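Q: Letter by letter, the chains look like this.
Number of protein chains: 6
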Amino acid sequence: MQGPPFLWGQTKNNPEKVHEWIRPLQGGQGAPGDADAVIYGLPLSSSSISPSAASAFPEACRRAWKGFSTYNIDEDVDLSSLSVYDLGDTIQHVTDIGQCHSHIATACSDIRKQHPQSVMMGIGGDHSVTAKTILGLKEADPNVKIGLLQLDTHFDLRNPAELGPANGTPVRQLIEQELVEGKHVYNIGLHGFFNSRALKEFADAHQVKYITLNKARKMGVGKMVEHALWELAQEVDHIYFTCDMDVLDMAYAPGVPATTPGGMRTDELFEAALVCGQHEKVKAMDIVCLDPEKDVAGMTVKAGTHVMLSFLTGVAMRK
Amino acid sequence: MQGPPFLWGQTKNNPEKVHEWIRPLQGGQGAPGDADAVIYGLPLSSSSISPSAASAFPEACRRAWKGFSTYNIDEDVDLSSLSVYDLGDTIQHVTDIGQCHSHIATACSDIRKQHPQSVMMGIGGDHSVTAKTILGLKEADPNVKIGLLQLDTHFDLRNPAELGPANGTPVRQLIEQELVEGKHVYNIGLHGFFNSRALKEFADAHQVKYITLNKARKMGVGKMVEHALWELAQEVDHIYFTCDMDVLDMAYAPGVPATTPGGMRTDELFEAALVCGQHEKVKAMDIVCLDPEKDVAGMTVKAGTHVMLSFLTGVAMRK
Amino acid sequence: MQGPPFLWGQTKNNPEKVHEWIRPLQGGQGAPGDADAVIYGLPLSSSSISPSAASAFPEACRRAWKGFSTYNIDEDVDLSSLSVYDLGDTIQHVTDIGQCHSHIATACSDIRKQHPQSVMMGIGGDHSVTAKTILGLKEADPNVKIGLLQLDTHFDLRNPAELGPANGTPVRQLIEQELVEGKHVYNIGLHGFFNSRALKEFADAHQVKYITLNKARKMGVGKMVEHALWELAQEVDHIYFTCDMDVLDMAYAPGVPATTPGGMRTDELFEAALVCGQHEKVKAMDIVCLDPEKDVAGMTVKAGTHVMLSFLTGVAMRK
Amino acid sequence: MQGPPFLWGQTKNNPEKVHEWIRPLQGGQGAPGDADAVIYGLPLSSSSISPSAASAFPEACRRAWKGFSTYNIDEDVDLSSLSVYDLGDTIQHVTDIGQCHSHIATACSDIRKQHPQSVMMGIGGDHSVTAKTILGLKEADPNVKIGLLQLDTHFDLRNPAELGPANGTPVRQLIEQELVEGKHVYNIGLHGFFNSRALKEFADAHQVKYITLNKARKMGVGKMVEHALWELAQEVDHIYFTCDMDVLDMAYAPGVPATTPGGMRTDELFEAALVCGQHEKVKAMDIVCLDPEKDVAGMTVKAGTHVMLSFLTGVAMRK
Amino acid sequence: MQGPPFLWGQTKNNPEKVHEWIRPLQGGQGAPGDADAVIYGLPLSSSSISPSAASAFPEACRRAWKGFSTYNIDEDVDLSSLSVYDLGDTIQHVTDIGQCHSHIATACSDIRKQHPQSVMMGIGGDHSVTAKTILGLKEADPNVKIGLLQLDTHFDLRNPAELGPANGTPVRQLIEQELVEGKHVYNIGLHGFFNSRALKEFADAHQVKYITLNKARKMGVGKMVEHALWELAQEVDHIYFTCDMDVLDMAYAPGVPATTPGGMRTDELFEAALVCGQHEKVKAMDIVCLDPEKDVAGMTVKAGTHVMLSFLTGVAMRK
Amino acid sequence: MQGPPFLWGQTKNNPEKVHEWIRPLQGGQGAPGDADAVIYGLPLSSSSISPSAASAFPEACRRAWKGFSTYNIDEDVDLSSLSVYDLGDTIQHVTDIGQCHSHIATACSDIRKQHPQSVMMGIGGDHSVTAKTILGLKEADPNVKIGLLQLDTHFDLRNPAELGPANGTPVRQLIEQELVEGKHVYNIGLHGFFNSRALKEFADAHQVKYITLNKARKMGVGKMVEHALWELAQEVDHIYFTCDMDVLDMAYAPGVPATTPGGMRTDELFEAALVCGQHEKVKAMDIVCLDPEKDVAGMTVKAGTHVMLSFLTGVAMRK
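Chains as they are written, first to last, in my numbering: chain A, 676 to 994; chain B, 676 to 994; chain C, 676 to 994; chain D, 676 to 994; chain E, 676 to 994; chain F, 676 to 994.
For reference, chain A alone in the conformation it holds in the complex:
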């Protein structure tokens, strides 16, 4: 006797939707070392300066990707040619932020060791996770020189001595801990009244490269990212792409704790992510500071998920 007509989600051999393609793994174990990309959630947001439920984005992203096809019509690329695994979420402590950060670093170090060739994709969480992810990458391979391509409304150069390892500080942590040199940080997307002059002076003193959104638009955001990657690639072994969703204009991204007017449009951001995905030296990336509980009409969650897929489109185009 055949059972009743029930429907269950599953990955398929001939996938059309993202959830039929990306393979979830129990306990983060078992992905082949040569996977094209591995995805992991970093559900931490108690380190955020503004109250944030960015910790809910990994789950929200997984739900949202059910609404996306694997086929990108803009580039005529089908992502299903890539092998991509979802390792699940790193374990977080409720109140011990130090332990959370330590878990992230350990997990990212382990992932790098187990998947030396895979592109690593962290789904945040707030921006504090970037400092710890790169710490993990350096633990896995202390000799690799890493540069940072940052899309952000902010420098994230605030002082950890004052704020602790909060989401306003990761780039400064990386520079002060000598994990990334200031001159290997490229920030595109700054605008308006959202950074103090002191931070700009810190950036200058450490030779951080940055360009405001208005200026980047003169060349085109995508072109500017391409140029920045090209410059970085002359200097470093690996490039880490960090996408703070607050780089977007709040009309496109209300679901961000410190969302601002005057920011990037989603079409610009998707192109930037595509360009990053295409570059051979981009070995890891993250998407941070997206708070699904603040979202309106699901638009920020869809935009964040699209960034991930635009980046993967680029990865597929490397081949």
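Source of the hints: derived by calculation from the structure; they are not laboratory data. Bear in mind the structure is a predicted one, so any value in this text is a computation, not a measurement. Keep in mind that a hint or two might mislead.
Which copy is meant is left open, so a pair is good if it fits within one copy or across any two.
Using 27 Å as the maximum straight-line C-alpha spacing, the simulated DSSO-like pairs for lysine-lysine come out as follows [stated by the list, open to error]:
hint	residue 1	residue 2
1	Lys692	Lys741
2	Lys994	Lys890
3	Lys994	Lys858
4	Lys875	Lys741
Go by the hints and put chains B, C, D, E and F onto chain A.
A: Only chains B, C, D, E and F this time, still in chain A's reference frame:
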């Protein structure tokens, strides 16, 4: 080498949360015939008179129950003593409502045959599913006499000859198809200006039992349900409990397509569901017409999930 | 050749829905003098202390009543036995509040003259309209002694010398203009921290009758209204029932500019409106301070519309 | 005696607002055969793949147009020079989607016969209505060769054999039923991850013309539409313009069931609609998949209404 | 020359509104030692298990109280007879939760020393602040025996060894640190499926007193609180009243991170707060876990502010 | 003994945030005559044609600016080099709109006299305030010839004889009262169907200069503003910049009573405000018609605040 510290949801031997306890099954197969209860989603709402995304409630309910403990402190009952399985969702067609209904009837017939002792719990979907669920129950066991305990703001006695098998018609379908006798329908919760006089006259002509919310409150909603179950039990073999979430006042249930003021409070509804769960003859139930996309602050989804768990608390108290 | 299958709303001889029953009139003209009730919109809210779009309620109410049946199952009454006309909205000026108020008084005076037997039902607008409606009634019939049954969280006794004819002042206007005596004002529903002590002292000085919600609940709100009407009826010729929607608890009525916690439930308010409708001396009423733009899930608009229909149910029960 | 000062909406000889100009007709009857344009509502959305209240857009559009002037300052055109009639809504069945579609085809056939020169404007409803509208047009005039100018994020080429006549299938229905040739379909606006590769291959196999939004933007969306209309006009007798509101970016159109990031801006869409309105061969159009219940701040409803008026501006410029 | 007609908020000698009465102090300094009550904000919520912006409630409460009169009409009490000072917010660290908690303890100890007779009122913040406030009280006066009157949906007895000093643990911290004895904890308001059985067993093992909401309602919530205070007063020197806003039903309090159906009504809570305010031994209180960013129509913020004022009404009635 | 660790907002000598820099003054008194700029709130919106809570924007703006830095990274300008004072809000009457307007004129006249060199910045309020602000400026200095640079979706030339001094009429008031000549009004931003043809004809008859948004975009909005200012500067002594927030597209500004699709983007508006700020002859400005109660995700309030700061950046660049 131990893997990185990842976290994955799973059912546990010593569960504290509902999702650690209710066991999901692939393809609706494999639950033991003697499970205490089986849950199945009925994600159909294109048969709704008002536009409705009630089809999204089964998934919303599964997400919501992660926020509920298995332990009911009001009754000092731990649901984890029950064996409960989640069979998944019945397959629905996008535009062929007849096929959808046919699937529901087949699925429910099969479930009844495979789980003759289990309490069957359908998570709707709109109220049209009730007519088809009971059709399935009758197919599985044509000789069983079924009575209906209905909590509803409406009679649901509108004319299928006019509307087709829409969510305003299930009780009339059941009566006209002689699956349930009019006198074995007990409706508690009618109020206000939400039924035409013609429907009331139809109810009278078919000896449908009904009592308005205001009158039920004089005895207490729970007591009134208890009394109705007692009367029904004299007459029928099995009682089907159907909970239309529109019975609730809209202050408690904004996420209902035809939500109204002047309805039931959640504490009254939860007590009613508990009482139904306790009665030995209640062998099946459903929760319908909850549209998560209309919800405010998640309150209706939480209320609907609570109804399911209050009912199961009653089932646990049968033992 | 028959035309294409188009659908148009219209009043019907055998109505089931409210909009098939209430007859709209162009220009407020032509209702028979002996109509049971006449309805008119008073779309003024620039006189509100808090910014308010209560001026949008008349239209919102007309749209909402399409979702209501003419049949009240609680009382087994069909409203279609009543002849009720919708006269449309009184004309308002954008910035000349004095002219607005003058129009309201003139319109209400004219309506009273043309429909001396009809129950007059004003759909506000903010509470300032009550002072002008009653002014109109007195112009039409200077000798009638009018009492006020007020359901309100506030006294509405603030000083027009200070605020002008704002929505916090109508009852004081009526007393000071000797249109209604202080002792013929009965206010039920006061609660919490929403009136200054000075207003309470003014009420006492003018023998305004009032009872807090908590105290009214000890007898039952409906019973208390019944009692107040009985007392008023000993003293006055006509009773005017004014329902300020801010009397409701904000869980039931978020769509009110000065909505508060600790207020009335809708079931209590509907019963109160029914009781007012039943009383022979209640010749006019209004529903005020409902701002549809602030509403959540349409619940306040539905509640306000229900008040109107509950009241009319009472009117139907007079016969 | 003059009546009280009441205000009632009506069409005016010297209109300034859209509702003072467009003339509503009872029962869809009586518009002169030579009206410049006729508008009709197609309130069907149970055929939508995602739950949708697009059936509520016709009424929402009529309410929204009260906020629009007849004068377009961009083109210095006053729409009141056109004679435009509102025929009302076609009758829909609650659950019999086949009957709904059949009504739409009959109504559109009748309208075309009664108004052979008028531009026909259908206010949806979901996108399934397009297949039936064109079916009606072909019934009225079997020899007319019709081409399709489609603004859409999707191909709408999904398989009706699988989904029935759902809103993902209308273009495929038209091709398979040989009502429109594949090569006479021009789709502008595709982007991102919202079509499977299989659909793209179907499009290619049937010579459907399409261009992604990113590519269209290089020429300018308006220019690209102009070009597509020019090409189509070489091949067909009449052009049908179908505007799926999901072509818009979700920042501009949250009130769309399958709204996506990376879509068109409203200024681009309004220009496209204007260009379509200007073209002599565009004899019919529709606006579909706008769900007012999902809207935020009324912006999608206003955008949809603006599309209708931008199109009519083009029609006025034909003269 | 007199200046232009500008308006500025200030406290008044003859206040009518709360903000004209409560006196804000710079730096928490300068309130007389014999103030009737002192208010202080505890803007910490990174210790919350669910993401929370409860840290924003102190400011939201101060804004909300501008909408409240000093006069309570239910009790005929004018709060302006009390001297109440607002000390401002305690300083919090962005990521160092330990330092935040230490600041709270220090601040509360200092406040108790400076205002030995004043009722202390802490505006949270999440529930973790209660453990630290009482720690501060004990530091200020180690010999005082403190009992806890807790209104809460949860026991808050989760294990700090597992969660750290999170908002699910404060009562267990107090018991384990021997600051309050288990038998001196009275919890009123538990209901539903929101506590694990293990927590209930811990409560029993430590003789925590608790009663579910359903049972408390049989006596009346206010009466039950009165009874609990009476019992506590036999055993302890001071009673600390902690009001977790999640005790409310979510229809009344959507702005709470873990809001649930089946909870308390605001009228019950306000009465409970009044009763607590009246009791001489209640020397401190707090209001916690109210997240203004999740609020709907401002209702939870108004409810939380009302709790504060209902409590103060009780304090005024002590005299 | 040092007090407890409390935090209080205050202006700082070395400010990083806007609220640490702008100095609030009690009663509008005491700002030095040579302040670079003075800010004052104009909390009036009962003169709005559509119901509006624009009166709440001054307070909302002050709260919002706490989230802005004083440093503008786009221009590398730190606003803290400017001396700016907040004079508070002008007093408004609840119902006497004439008195409100008179207060505004008096206040603005006084401010101009006391601060002859300061840039005056009015935070509305609805657009009716502009007519009265300029009336005040002319009272202070009758000989100054003032031109108007208006960013607006509307002409605001409606007839005060019909509407009174409503927010659709200020420019016409100015022209008819001969405070500003028609030819000295430059309106940039008109678009779509939001002005009647009659208003356009009035504009033409009075030589009002205007350009639609679409046409302005061809040169660039900023460039067009620059050009308009240059032309105006040839003709007038002082330029008044009035920014009606309804000039923005509703995707960027849902919190505007008459918000429309097809409007300006925020990046265009911020550039326009910067350009105005830079021009020596711009001596006063206002920001109007922003209703915080209608806002979504706080985006319109942030945009309005950004306009103020972009303008001040321009002022700082004058030096």
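Q: Indicate, hint by hint, whether the structure satisfies it.
A: Here is how each hint holds up against the structure:
1. For the identical chains of this complex, lysine 692 and lysine 741 are neighbours both inside a copy (6 Å) and across copies (26 Å), given an alpha-carbon limit of 27 Å.
2. Proximity of lysine 994 and lysine 890 under a CA criterion of 27 Å is satisfied inter-copy only: 23 Å between copies versus 32 Å inside one chain copy.
3. With identical chains, the CA atoms of lysine 994 and lysine 858 are never at most 27 Å apart, being 30 Å at best within one copy and 33 Å at best between copies.
4. For a Cα distance limit of 27 Å, the shortest separation of lysine 875 from lysine 741 across copies, 19 Å, qualifies, whereas the shortest one inside one copy, 41 Å, does not.
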